[in-house]
Amino acid sequence: MSAAPIVTHAPSIWQRRSTWGWLTRSLVYLVLLAGSALLMVPLAWMISTSLKESVGVFAFPPEWIPQPVAWHNYTDVFTKAPFARFYLNTVIITGTSLVGQVASASLVAFGFARLRFPGRNVLFTILLATLMLPYAVYMVPSYVMFHALGWVDTFLPLIVPNFFGGGAFYIFLLRQFYLRQPRELDDAAKIDGCSFFGIYWRIILPLSLPAIGVVAIFSFLGHWNDFLTPLIYLTSDKNYTLALGITWFKGQYVTDWNLLMAGSVLIMAPCLLVFFLAQRYFIQGIVFTGVKG
Amino acid sequence: MARLITVGAAVGPVVRRRTGRIARAEAIAGYLFILPWLLGFLIFLAGPMLASLYFSFTHYELVKLPTWIGLQNYVNAFQDPLVWQSLKVSAIYSVVVVPLGLLFSFVVALLLNQSVKALSFFRSVYYLPVLIPAAISSVLFGWLFNPQFGLINEALALVHIQGPLWLASTKWALPALMLMNLWGIGGPMLIYLAGFQGIPTDLYEAASIDGAGALRRFRHVTIPMVTPVIFFNLLLGIIGSFQSFTGAYILTAGGPVNATLFYLLYLYQNAFQNFRMGYASALAWILFVIILLLSLLVLRTSRAWVYYEGQLDTK
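Each protein sequence line maps, in turn, to chains A and B.
With our numbering, the residue at position 240 of the first sequence is 259, and numbering never jumps.
With our numbering, the residue at position 32 of the second sequence is 213, and numbering never jumps.
Worth double-checking, as some hints may not be accurate.
[To be verified] Covered stretches of chain A, going by a simulated chain B footprint (3 or more residues, C-beta under 8 Å): (1) 54-65; (2) 165-175; (3) 238-244.
In case anyone wonders, no lab produced these hints; they're calculated from the structure.
Where a beta carbon is used, it is the ideal one built from N, C-alpha and C, also for glycine.
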């Protein structure tokens, strides 16, 4: 988890420099490149379409390089739809949810990882069991509850639950990380008169920033990309998130594929940006949770 | 330092009494630390689940109070042809998408593990689609599958094949959604890759010394060592595919003629379009039981094919 580069140490199939080895080597690259091309075509087409004039969108045979390049699609999105509003809503929901999730998950994880109390193992088993629970099972009664509270069509049902534990998966991930920190640190701090919160705040938390970062990235992507929850709770256009906004947009401008694609690029851009900026931590996080999970 | 000395000087019973008090303080602190989760679990999970169980035995349409009708919702569900249709759609989708996804992601991870150059480039490329919001990839594939002007049918037209209507065709709508799902093989791929890299090198060395070739090392070292990862991906795949929703909601709304009526979509329609909360709760519990049974089934068979030695856990 210390973000060391992953080393490939499986024996390669071309240990010997023979013709046979050279052939398999080329074949491996060929297959990998073909697969990459196949996966990237939809994205390339999305960007290409987003830069076309309405006429060029329906050209046959398909044009990959738009002539002329219609940069104005990216500003048109903001004038033809309350896109700025959707963006702001999504930023508010994602930002506050992220803070709530990171803060509460890291506190709870500390309790489970470093403190002894009766019933800890039972409670942790329950926590792990909730990982398997499909959202669908409590989706309906949650709605009934938030409906009774008068929270439907506000951001509250999307934000508030994140402050209560922040999700079993993140607690699990952080607990695993906290467990790796040497116990002697806690004991030394205790002897120096540090409170339990002090141990968490001054010792464990600063040591766990990479793991906190991983949780923050996952949390960001989770909320930014979420579709079902906003769909259930947000009913008026002005409250829509981007994921809902793009479907609203699709309904309004059925054939304006260039605008739809420009909007889509704008929505996914932050996700890709986060991935490329924090790629190392990100991959480490998945590796960590995947193998441990 | 002075404090250390006093503690050190106080031996025997004093220490024991202090540890008792410390243990109590630690327990109280422990409960305080996990309190947010405990409250959240009770308020937002356990409470709603119990309520959902109760609702599933009632007639409840949100505007009036629920009325008890016993097992009627479950009886209705068994007689509802759309429940069977949606179960069929979800089952077919899972049966195709889960094995194919497992296979493709396994192969890609295996190729990437052959100490290829530009590993991080390929890894990013294959993972990229996973990062894209489901709503966006749905809209994008709606455009790619457009029967008249979509890239797929235009490409087919170049080789003189008349492409199908895709999402508007009862025959091709579900396969189209399957193809869209396979775009996201990067998720399990990354987990496989981690699994491959967790295999200790000495196992391969030992096998080589014993005269095992590349194929036999793969069959007798790689495969057994990654079975826990395959198991993990299989379980995630089943749970995920049975809850597919976004693609069908955005692209087909379950159509044409219910050809893509996924179970969760039908549940959603009942709960949030027709506000049949009681019936939807019953459907949710049926889904829960199905996922639980499938997970248990996978878990039971796993004893026969998953190899546990502890390497992956103790690394």
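Check, residue by residue, whether the stretch 238-244 of chain A contains three or more positions whose beta-carbon lies closer than 8 Å to a beta-carbon of chain B, and give the verdict.
holds (count 3)
Coverage assertion for the stretch 54-65 of chain A with respect to chain B, Cβ distance below 8 Å, three residues required
Satisfied; 9 residues make the cut.
Per-stretch coverage check for the stretch 165-175 of chain A, three Cβ contacts closer than 8 Å to chain B:
Coverage by chain B is violated for the stretch 165-175 of chain A (1 residues, Cβ < 8 Å).
Violation of the numbered hints given earlier is confined to hint 2; every other hint is satisfied by the structure.
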